[in-house]
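Chemist: Chains H and Z, in that order, are what the protein sequence lines are. So the first sequence is numbered by our numbering: it starts at 892 and just counts up by one. So the second sequence is numbered by our numbering: it starts at 21 and just counts up by one.
Be aware that a few hints might be false.
As the list claims (entries may be wrong) - Below, computed lysine-lysine pairings styled on BS3-like, alpha-carbon distance capped at 30 Å:
1) Z:Lys33 / H:Lys933
2) H:Lys933 / H:Lys949
3) H:Lys959 / Z:Lys77
4) H:Lys933 / Z:Lys77
5) Z:Lys77 / H:Lys962
6) Z:Lys77 / H:Lys896
No lab work stands behind these hints, which were simulated from the structure alone. Quick caveat, the model's predicted, so the values are computed rather than measured.
If you want the building blocks of each chain, they are given just below.
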Amino acid sequence: QQQVKQSPQSLIVQKGGIPIINCAYENTAFDYFPWYQQFPGKGPALLIAIRPDVSEKKEGRFTISFNKSAKQFSLHIMDSQPGDSATYFCAASLADNKLIFGAGTRLAVHP
Amino acid sequence: KAGVTQTPRYLIKTRGQQVTLSCSPISGHRSVSWYQQTPGQGLQFLFEYFSETQRNKGNFPGRFSGRQFSNSRSEMNVSTLELGDSALYLCASSLEGQEAFFGQGTRLTVV
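Same shape as in the complex, but just chain H (with noise of 0.2 Å):
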């Protein structure tokens, strides 16, 4: 019940295409949805988070939509980058701070 389940393992995609990340959860009383960015050599750095009371949140080039019902939450990355080549890790938390990890996504953007 714990657990965040994330798809795709791995995604290529053109620049300026629309990669798409998922993630599902069970926990219901999750109440914390972020979304990480790691580079290689790197620690995580936060790029977007949204709350379960919200649908869809923008920041930059960044959006998460959110499906409460379907206990879903996605991942877009519009008009992307070789720069947003990247791997992405969704996650979620309970109001214990604790966050519980996606397995990751190896993303490839090709200029």
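Knowing the structure of chain H, use the given hints to seat chain Z on it.
Modeler: Just chain Z now, with coordinates in the frame of chain H:
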């Protein structure tokens, strides 16, 4: 504002030894969490400290321990190292809520 600082960046230790990793959170942040990242298990929560008290703990053996000092700096200790402890250890700090910012990590190799 300086980010989360972890030292050292790299460590090589021998099986059976112990190791101490250090984390300095973002100034003003009182919560420090530790995560282990491995290719097989992904990102897993170790523990969280807030105002020098362990507030939450993950499912790791007692060989993994931590502490937090009055200036919010935190240390993590692993005793009797095993080969399987080789991982990237990440520290994250947050003000009080769930928005967590990660350091670059300490890469521990056990030989």
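Chemist: None of the hints should be skipped; say for each whether it holds.
Modeler: Each hint tested on the structure:
Taking the CA atoms of Lys33 of chain Z and Lys933 of chain H, the gap is near 21 Å; set against the 30 Å cutoff, the hint holds. Straight-line distance between C-alpha atoms of Lys933 of chain H and Lys949 of chain H comes to about 24 Å, which keeps the hinted pair within the 30 Å bound. Distance restraint check for Lys959 of chain H and Lys77 of chain Z: the Cα-Cα separation of roughly 28 Å lies within the 30 Å cut-off, and the hinted pair is therefore satisfied. The suggested pairing of Lys933 of chain H with Lys77 of chain Z holds, with an alpha-carbon distance near 24 Å, which does not exceed 30 Å.
Restraint check for Lys77 of chain Z and Lys962 of chain H: the C-alpha separation of about 25 Å stays at or below 30 Å, so the hint holds. Distance hint between Lys77 of chain Z and Lys896 of chain H is fulfilled; the C-alpha atoms sit about 22 Å from each other, no more than 30 Å.
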